[in-house]
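*Asks:* Each chain, letter by letter, is given below.
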Amino acid sequence: MSIMLAAKGQEVAGTERIDPDLRPLLDHIAAELAQEYIRLMEAAAGEEPAASLSVADA
Amino acid sequence: MASDRSFTLSEIAQRLDVPQHRLIHLCEKGVVVPDVHGAAGRGSSRVFSSRNFLELAVALRLREMMLPVAVVGAVIHVLRAFEAQLQQDLPHFALADSLREDRAPDLRVIISDGQTIYFSLGAADKQPKLFGGIPLDRLEGNAPAWDGQIDAVRFRGNERNGARGLGPENSHYGRLELSLTVIAQALPIN
Chain X
0 MSIMLAAKGQ EVAGTERIDP DLRPLLDHIA AELAQEYIRL MEAAAGEEPA ASLSVADA
Chain E
0 MASDRSFTLS EIAQRLDVPQ HRLIHLCEKG VVVPDVHGAA GRGSSRVFSS RNFLELAVAL
60 RLREMMLPVA VVGAVIHVLR AFEAQLQQDL PHFALADSLR EDRAPDLRVI ISDGQTIYFS
120 LGAADKQPKL FGGIPLDRLE GNAPAWDGQI DAVRFRGNER NGARGLGPEN SHYGRLELSL
180 TVIAQALPIN
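Quick mapping for you: the protein sequence lines, in order, are chains X and E. According to numbering that gives the first Met the number 0, the first sequence holds residues 0 to 57 in order. According to numbering that gives the first Met the number 0, the second sequence holds residues 0 to 189 in order.
These aren't lab readings, by the way, just hints derived from the structure by calculation. Heads up, some of the hints might be wrong.
Unchecked claim - DMTMM-like, lysine to aspartate or glutamate: derived pairs with alpha carbons at most 25 angstroms apart:
#1 E:Lys28 <-> X:Glu46
#2 E:Lys128 <-> X:Glu41
#3 E:Lys28 <-> X:Asp20
#4 E:Lys125 <-> X:Asp20
#5 E:Lys125 <-> E:Glu139
#6 E:Lys125 <-> X:Asp18
#7 E:Lys28 <-> X:Asp18
#8 E:Lys128 <-> X:Glu46
What the hints assert, rightly or not - Where chain X lies over chain E, by a calculated footprint (3+ residues, C-beta under 8 angstroms):
#9 4 to 12
#10 76 to 85
These numbers were taken from a predicted model, which means no experiment stands behind them. Think of the CB as a built atom: it goes at the ideal place given N, C-alpha and C, for glycine as much as any other residue.
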């Protein structure tokens, strides 16, 4: 099962326990974290090329 | 790269040195869903991805800190959604691999005053930024009806607002902090 399916709420058990009202909030936090993570990876890559990028993405 | 590996339940139990029933409990509670193969019936066994491996390790640590299953499930949900967001820009991104790299950002979960949960993220040698600020009782379903307002998410810098609080989130009395990056780096995945 791909993670993209999970993110779209198609996963069966893993997200059942999460209050549906809370999902947008949790997903919003995840999106903010992702933005900051990319910024940090780019900053690290600027200091030392590909230092923080995964092998596949470097 | 470890992201394309798969693991049986007994393998992970052995590598994390925990009884299998603790992992099964996390699966049965829906905290971790096996990516490769679920336990669909008698004789069927769960098979996990490396992402699941990280999720199980994080979930076990959070449970050892006495956090309720619902809260642990919410943390794992954020991790999954976080990785999915990153994969939109970097299709081959794997959180477990990325956090294991030398200069990986430090991703942490913070429980403030036993009441509020935050995530923090920053470069290893820099002050982190805070995300979240969700009351634990909301995650446990014990609070009055959630109004669903997304602006409850707080994104703050590192200033302590002149207070003498603990940590970047200004806890008053006490705090628990768990580094997901350290857990990933200690993961016996290879």
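*Asks:* Taking the numbered hints from earlier one at a time, note which ones the structure violates and give those numbers from smallest to largest.
*Replies:* 1, 4, 5, 6, 9
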